[in-house]
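K.L.:
Order-wise, the sequence lines are chains A and B.
Going by this note's numbering, the first sequence opens with residue 1, and the numbers climb by one from there.
Going by this note's numbering, the second sequence opens with residue 1, and the numbers climb by one from there.
No lab work stands behind these hints, which were simulated from the structure alone.
Incorrect hints may appear among the rest.
[To be verified] Derived coverage of chain B by chain A (criterion: at least 3 residues anywhere in the stretch with Cβ under 8 Å from a Cβ of chain A; other residues may be distant):
1. 161-175
2. 228-241
3. 428-434
[Unchecked claim] Chain A side only, calculated, beta carbon under 8 Å to chain B, not exhaustive:
4. Leu69
5. Val140
6. Leu150
7. Glu163
8. Asp167
9. Pro170
10. Ser271
11. Phe275
12. Leu276
13. Thr400
14. Ser419
15. Asp443
Owing to the predicted nature of the structure, the values given are computational and were not obtained by experimental measurement.
Every residue gets a Cβ at the ideal spot worked out from N, C-alpha and C, and that includes glycine.
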Amino acid sequence: MSELSFKPVSLGADVEQRSRPSLSYWQDAWLRLQANKRAFVSLFVVVGMVLFAFVGPVFWRIDPHAQDLDQTSKPPWEDRRALIVAPYQPWSGVSASSPEGDYVAPRSLEIVGDATTTFVRLVWDPVPVASGYRIYRQIVEPQSGEPLGLPLGTVHDGSVSFEDRLDIRPRTYWYSVVALDERGEEFPEATTIEVEAVFATTVANAIERGYVSNPESLSVGSTIHVPLHPFGTDYLGRDMLARLMEGARISLFIGIVAPFLFVIAGVVYGSIAGFLGGNLDHVLMRFADFVIALPFLLFMILFKLLFGIGPGESGILPMLVALVLLSWPGAARLVRGEILKIREEGYVDASRLLGTHTSRLIMRHMIPNTMGVVLVTFTFAVPSAIFTEAFLSFIGMGVTAPTASWGSMCNDGIKTMESTPHELIFPALFISVTVLAFNLLGDGLRDALDARMRYGE
Amino acid sequence: MSDTLIPSSPPAKPFKEEVSRGSAWQLAKYALVGLLFFVVLLALLGLVTANSAAGTRSTSAVDYATNTITLTLSSEPPQLNSTRSTDMVSGMVLGHVMEGLLRFGPDNNLIPGIAESWELDELGGTFRIRSDAYWSNGTQVTAHDFVFAWQTAVNPETASQYAFILFPIKNGQRINEGELPIEELGARALDDFTLEVELEQATPYFLKLLAFFTYYPINKEFYLSTGGRYGADAEDLIYNGPFRIASWVHGASVRLEKNEYYWNRDETKLDAIDFAYILNDANAVLNLFATRKIVFAGLNSENLDRALKNRWRIQEHVDGSVFFLELNHRPDRLTSNYNLRKALQLVHDPAELVYKVMKLPGNLPGESIFPVWLRGVHGSFRDEYPGPRFVQDEVKAREHLAMALDELGLDELPPLMFLTGDNPVSNKQSEYYQRLYKEKLGIEVKIDKQIFKQRLAKMTSGDFDIVAAGWGPDYDDVLTFGDLFASWNANNRGRYENPELDKHVAIAQSSSDPVERMEAMDQVQKILHDDVAILVQYERGSVYVSDSRVKGVSRRAVGTDPDYTRAYIVQEENE
């Protein structure tokens, strides 16, 4: 073997060829998250939800607790025109003595004034031999011989008028009047009138509620447009969008703060158990098993008592404490498993042989290598915490009136599911979308952060 | 690079194909087996439920063959010992299976029940018991049964919450307070069929009390034979009313069947009333009605539109109760301040509450503690003595609030506790009041939602500032509402004390002059309003749908409601 067998290598560019730029672990994860369409869209949804909750109220400045009893349970697509009417004055009604003669069906049923959502006033001609009249209201046109709808009331003593103020909505109604005989039984014939009720408000109310910007232009009889409620209003006329924002703050607060705290607790606990190992590990992990077995709801009630949370006060703090104190073992178990595995890795032994200090070992090798697992645990813990909050508020253990949370809004909305579905659909949709987004994001993060997954692709 | 890291991984292509073909077959097989299993399971379940349903209950609202109607109960009776019952469901069931001296007839007037006839003067009377009245075990109903029941009810050991309703009987109150032995009660059986009653003082409404369930008789021998379980189960009761309880499955159903021992059995047309469901969810009840499983369903503001669209016949019923906000008058409470109460009153708008918040058809905005249906001297009490009129006035309300803060020496009012029930209607109301007082007066209100029992406990101990309360009439006289805020009444939860009011109540209790009594009651409603003892909210009414094939059902404000004792089934032509 001569000298010529060896040739010095020139340090040229072809020594090291990179097909791709060098990427750090996080850069690589980010790239792969971007490649995952579902997860990336979910990331935007999550960011959007956070903005909605915390920046939204800056732009949508409606008090979520302000009630507008004239516009209750109003779906977003409902007509926004409002007629300006004079303030409500009690009505003495109309009386007439019954004419002589034989029974005839009530005639000339008419409305007095405008038929508005404030009131509908009816008058009719007196009927011979009638001892009184019963007034009905129906929302579909009554066919002859069919029931006349909702009995609104009965009038006696020569009164031939009736004022209806019961929850009139801007829609078509059919009012019917039936005469009663001396025993109070109804005569068979009814007189029906079709009435189109329009949404009405008073000048004072329009100004107080801020329906218009220029109060001078208001006059009785003019028509204005009431401000839009993009998600409608609830059963007390509160703006659903403002309430959804308030609910988002509660949900995201619980959903992010609670998992953040208990995942940190779990990481610390799990690393100690995993790193030290042996009997201590045994004892620590059996304690974690014990905590898993504790019933959440019971502890939530106990904390409520412990903190002296009286009736009518928010249960969010005890909920947070109960969540943190009872949910950490999941994260602790995962982290302990990871640490146990990493501890046996070659690079850890190498590092140890080189004389690395234990604290640096943990900080440099252990923790960063468990980050993937931790982050994934966190993203999966968020939806479950949001769900817990929604559930507890749904059963009345969470927020208290007038504060809204998505769960309590669902609880209110479910009662009117059939008549005004928007009160249930919107909060339910927000819960579902947020929970789904966090779950998909967690899925994507797991794929992106797990370095080994890429070879299996 | 990858090959070296995962050396075990075999060549990809052929393996994948093999797997996919095999797994497709496997998947299909699993799916088939799963589907079969599911179908079999469903069929089995269907078979099981069909069998059990056929065995225990009729499945339709009206069963012509067995002459049975099916209904729901909103809750289960805690027990059916008439001396200890307090709730409306128990009262309704007891009204079908028991009978007192008198009962309410189809036109809601008092008719003879177990008593055939009676003579009554100011301070007592004699009742003649019918000789053909029997208990469902065949023993005769005697005057002794009434004496025993009444003595048991006032016995302090029974701790009956309704003992006070027997206080008009001589020594009733003192026995209940433990001052006298129960034998001293002013009710004696002269013989098996003659009952003599002595009254404490003149009680013009005494006859009206006799139809109330605390006045029902109890057979002593049977009562003692149950060993303290009287009324706990169907076997622990005997019946003297139109029906008897044939089965009582706790938490599930109560079935009444015609009582063949009832003296007036010919008037009972139905063979059985099946309370097949114990259910409190209004929508679930309406679903049962829509599928013709039950004959009666109450409506609320949420499901009213559904009934209207289905064109069902909707009926109205005023149940006689009055609801009000009771303010706490105990001296250590803020609400004991008159000006604060006045401020709360001046922004209180019952019409808005009824028409815009509760939206429950049938309710009337409250005007007075005395509801519209009460009778006055000749006609309606409301017509003769109209309720106090007042108008809302925010400006005056704020003036009163300022005065109140001045008197209390406060800059700002601490939050008021609003005690309320935990049902949808209460929730809506309390949130409305919370906002109303915040918006108009700047007063913070905290809502304390409690279940009925807990709410009652808190009301009794005075742990509230404002409580949403209601009162249903026990007997058909103004006094059933009139004495509610007398200082001695245990149901005066706000501990309102006013000697002036007490004086007027005493007049109404003892006077037999109707005009004097009604005028005293008029003073009571004026005092309650002027001194803001309470804030009247509404008179409860309800709307309901009922099966048109069932006739003869009575609804009433006082007494058994709804009353099916004389109901009957008519067959519809198209069936």
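K.L.:
All hints are to be evaluated individually against the structure, with a verdict given for each.
P.N.:
Hint check:
no.: 1; hint: 161-175; result: violated (count 0)
no.: 2; hint: 228-241; result: violated (count 0)
no.: 3; hint: 428-434; result: holds (count 5)
no.: 4; hint: Leu69; result: 4 Å, holds
no.: 5; hint: Val140; result: 6 Å, holds
no.: 6; hint: Leu150; result: 5 Å, holds
no.: 7; hint: Glu163; result: 11 Å, violated
no.: 8; hint: Asp167; result: 4 Å, holds
no.: 9; hint: Pro170; result: 14 Å, violated
no.: 10; hint: Ser271; result: 28 Å, violated
no.: 11; hint: Phe275; result: 27 Å, violated
no.: 12; hint: Leu276; result: 32 Å, violated
no.: 13; hint: Thr400; result: 7 Å, holds
no.: 14; hint: Ser419; result: 5 Å, holds
no.: 15; hint: Asp443; result: 23 Å, violated
Checked against the numbered hints above, the structure violates hints 1, 2, 7, 9, 10, 11, 12 and 15; every other hint is satisfied.
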